[in-house]
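The lines below spell out each chain.
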Amino acid sequence: MGFFSVLGDFFQILKHTFRQVFKRPFTYFYPFEDREYPERTRGRHIHVRKSCTACAQCVRICPVVAIRMDKEDKKYEKDCALYFDYTRCVFCGLCVQACKFEALFHTPVVDMSEGDREDLIYGPEKIETLDREPLKWRGRRFR
Amino acid sequence: MLQFDFFAWLAGIPEWIYGIIQWIYGIVSFIFYWVYDLFRWIWATIFLPSNFMFLFRAIIFPGLIFVVMALIWAVWFTRKLWGRIQDRRGPVHLGKYGGLQLFADAIKLIAKETIIPDNARRWMFRFLPGLLLVVVLLPFAFIPWDLEYWFIADLSVSLVLVFAFLTAVPVISLLAGWVSGSKYSLIGGFRAANNQFAAEIPLIISTIGPALLAGSLSLMGIAAAQSSIWFAVLLPINLATFLVAAIASVGIFPFDAPVADSEIIFGWRTEFTGIHFTLTYFAEFAEQMLYSALIVTLFLGGPIGPLTGPLAGPVNFVLKFLITFFFFVLVSSSFQRLRQDQIVHYCWKYLLPLALLNIILIMLAIVYIPGIAALLPLGGG
Amino acid sequence: MSPDILEDAMELWFGPQHVSAHGWATKLTLVGDYVVECDPNAGYFHRSAEKVLEYKNFRQGALILERMCMLEAFLAEYPYVAAVEKIAEIEVPERAKVMRTIMMEMSRLHSIQFWWGQFNAELGFFTMALWPWVDREYSLDAFEELTGSRHTVSYSTPGGVKYDFTEKSMKQLNRALDRFEDRLPKFRDMQMGSPTFRARTENIGLYDVKQGLKWGLSGPPMKACGIPMDLRKDDPDPNLAYDMVDWEVPITENPEHPGQSDALDRMEQRFAEAETACEIIKQLIPQIPEGPIIDPKARGKANRLPEGEAYARVEGTRGITTLWLKTQDKAQTAYRAKIRGPCIASYYALKDLVPGSKFADFIVIFGSLDPYPGWWDR
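For the record, the sequence lines run as chains X, Z and H. Residue numbering for the first sequence follows my numbering, beginning at 6 and increasing consecutively. Residue numbering for the second sequence follows my numbering, beginning at 45 and increasing consecutively. Residue numbering for the third sequence follows my numbering, beginning at -11 and increasing consecutively.
Simulated from the structure, these hints should not be mistaken for laboratory data.
From the derived model, a few chain Z residues whose C-beta atoms are all more than 12 Å from chain X:
{"no.": "1", "residue": "49"}
{"no.": "2", "residue": "144"}
{"no.": "3", "residue": "348"}
Here are the computed distance ranges between Cβ atoms for each label pair:
{"no.": "4", "chain 1": "Z", "residue 1": "259", "chain 2": "H", "residue 2": "-5", "range": "53 to 63 Å"}
{"no.": "5", "chain 1": "X", "residue 1": "55", "chain 2": "H", "residue 2": "222", "range": "47 to 57 Å"}
{"no.": "6", "chain 1": "Z", "residue 1": "393", "chain 2": "H", "residue 2": "-5", "range": "26 to 36 Å"}
{"no.": "7", "chain 1": "H", "residue 1": "291", "chain 2": "X", "residue 2": "120", "range": "34 to 44 Å"}
Fair warning: this is a prediction, and the values are worked out from it, not measured in the lab. Using N, Cα and C, we set each Cβ at its ideal position, and we do this for glycine too.
Assemble the whole structure, with the sequences as input and the hints as a guide.
As C-alpha cells, then:
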C-alpha cells in the first residue's frame, strides 16, 4: 500500500530528527572557546628580521600588492622593514613560499579584526612580534 | 394684570436662596455619589474577593501575563530545539542558556526604525500587526487550564468561538499582504488565505469527534468529559489530522508557503520591520501555542492527569502542553516545504476523509462494542 | 500564449535583492501562479576576472580562478594550471598527480555537500540543510590540515602541488570520508525517502538529453538523464590519476522517464557523484607513490612562457569548466584568457525550462541545476 509506506517514511524521518535532539551539538562557543588550528594554517604573517635579506621576492610575488617594504629601515645588516596591508591580503601563501631565507612565515592567528581600517596595516613592530601563543591562545580545546 | 409686588419678592428671597442651595447640594451630592459609586464599583469589580480573583485569573495567572510569559518561553524553546535538531546550540549568550535572548531581540527590533513603504496604506499597515496579535491572544480566555477554579471563561460554544477568532487570522494576513504594496507581500497574503482554505475544514472536522463524544461544544465540557478516558485513545487519527491541519493553518514549516523565504522573500511579512515584525512574529508563536493548548484540551484530557493538589489542574495541563509543543516543533522541522496547491491537495484528499473516517469508526464502536459508551458522558452501555 | 492571457500578467523580479538570489536577477512573468516567461539576467556578479588574468603572472593566476567558484576552489583553479603546464611543457611528478586527483574528488565531495544543504534550505528544510554542512566541516578540516586554508586552497601550482600530505592530514581526510559514509544511509532516508521531498521534486524541471545538449549542459544535470558523459573517463587528463582507479561513471536512470531528468533524479545523481568521489579517494589513498611533489624546474619554466595557446578543461562539480589561454613569447602574463564556466549554460537553460511551471517550483528548478553566479559572471 502506497499510503502506509508513505506513513512509514514519515515516521522514519521523525525518528531521525527525534534522536538528534538528544545528541551533543556540533558547534562550540566560538569567542570563548576555540579549536586548535593546524600548523599550516595561513593566518597573519610573522617576519623574522634577523634572517631577512631584503630580496623583495615577497613583494614581487604578492598578487594583491599587500606588502610594502622600506629598505631604509634597517635593524640588522641587510634587512628591511615590511608593511603588511591586511585589508588587501588574501592569505594565498605565495610570499611565504617565495621567501628563500626563512624570514617570513604564516602563523595560525586568524582572528585579526580591528575597529579601525588603519590598524589592519601592520607596521614593522607589529609584524615582527606575536602577542599570543601561536598554536593555542584563547580558551581551551573543545573538540 | 401682572404687578410687581416688591414685598412678595422680598419674602421669596430666602426660598430662592434655599432653592439655589438645594440645587448646589444636588450637584455636589450627585458628584459625591457618582464618585462614591465609582469607588464602590471599582471596589466591587476589583477588590471584592470573587471579582478580584476573576480579574487575577484573567490578567495574571492563566490569563494575559501568563500567556505572554509562556509565549516568551515558547520562542526560546522553539529556537533552542531547532538548534538542537540542526546540530547547533541556539541562543547561548544572554542569560542562562540564552533565556534572555528574546528580550535582547525584542529591544533591538523595537528600537529599529519603522519603515513604511510608499505604496503601503499607512494606517492599516500600522494597525494590522497589533490586531493580529490581539485576535490570536483572545481565544486563550477559553482554554480550560483547570476544571475547578483556574480558568477564565466557560462558554457553552467556546469551541466554535475559538475557530471564529482564528478565521480572522488569514484575513488579516491577506490584508497585511495587500496593504504592504509589494508584489511579494501580495503573493504571500494570498498564499496565507490559501493555507487556511486548505486546512480549516479538516481542522474543524477533526474537532467534531471530541465534541460529539463529549456532547458539548464548550472546551470545558470536552475536557471534563475525558475524566475516564482520553479522547486520544478513541480518536488517534483525529489527533494526527488535527496536528497536521493546525501546522498548516499556522503556516510554519513544512506548510510555510505563505512566508516561504526562498520563493517570496518573507511572504506577507516582507515589508514589516521593527515593532510590526515583532508583533507578527509573536502572533505566529501564539498561534502555535494556541493550537497546542487546543490539542491538549480536545484529545489529551486537558487538566485531568496524574497529579493531585491545589494547582494540579494547571500543572497537568502545562505538562501535556509542553509535550505537545515539543511535537509541534519536531514535526515542523522535519520536512521539506510543500507547494501551495499540494497543501490544498493533501489536506482535502487525505486529512478530511481520515478525520471523517475516525468519527464513523468511533460511532460504530460505541454502538457495537459494549463498555465504550459507559466511559463517555453519553451514558448508556 | 495568446495576448489576452498576458493582459493580467505580473512581472516579478526575482533578485538581485531577493534572499535566495545571491548575485543574480531573473525577470519572471507570472499569470496566476504559473510562470509564462523567464528572463535570466547575468551581470550582477561581474568581477572582470579574464581581464585581471592578463595582469597576473602564471603563479598568481590560479588565485583568481579559484575565486571564481569558492565552493569548488581546487577544481576551478586546475584548468589554469593545466593550461600553463601545457604551454610550458612541464612534467608533473607521479605523486603530485595522485594528490591532485584526491584533492579534486575531495573538492567535489565538499561542493556537493554544500549544494545539498543549500538546496534543502531553498526547499525550506533547514534541518537537512545543516546536517550536510556539519559533514562539510570535516571535509574543510581536511583541507585546512593539508593546505592551511579552508576554502581557497590554492593548492596546485604549475609543475605539481604546494603542500605534501602529512600523517595528520591523512587522518583528517579519512575522518571526513568516514563521517560521510557513516551518515549516508540516514541522509538517504531523510532525502530520497522523504515524501514531501518527492512531492516537491518529482517531474519538476523535466528535460531530455536533446534539450540538455542544445542548452550546453554538462556534468550532473546531463548524467542525471542517463548518459555517462564525464571528462574523467572520456578525455582523461595525463596529469591526473583517474586511470589508476577502477570506477564507473555515476549515472541516474529513472525508469519512469528514460532519457529525461527531473529534480529528483538530479538529487539522486548528486548522491551517486559524492559516493563515487568517496570511492575514488579511498582507492587512491593506498596507491600514493613516493617521490617529489613538484617538478624542481617548473618554477623557472612558469616564470616566462613561450608563445602558444592551450585549452584545458576539467569535469567540475557543476559541469565542464574550460579555460583557453594564449601567451606571447617570453610572456610573464597571459595575452588573453577565456573562461567558460559550466553554470552559464544551466542558468540560461531556465529560459526554456521554467515557463509553464509553477512559481513555487522556479527555485526548485534553479536549485536542482546548481548554478553558481560566480561561473556565469566571471
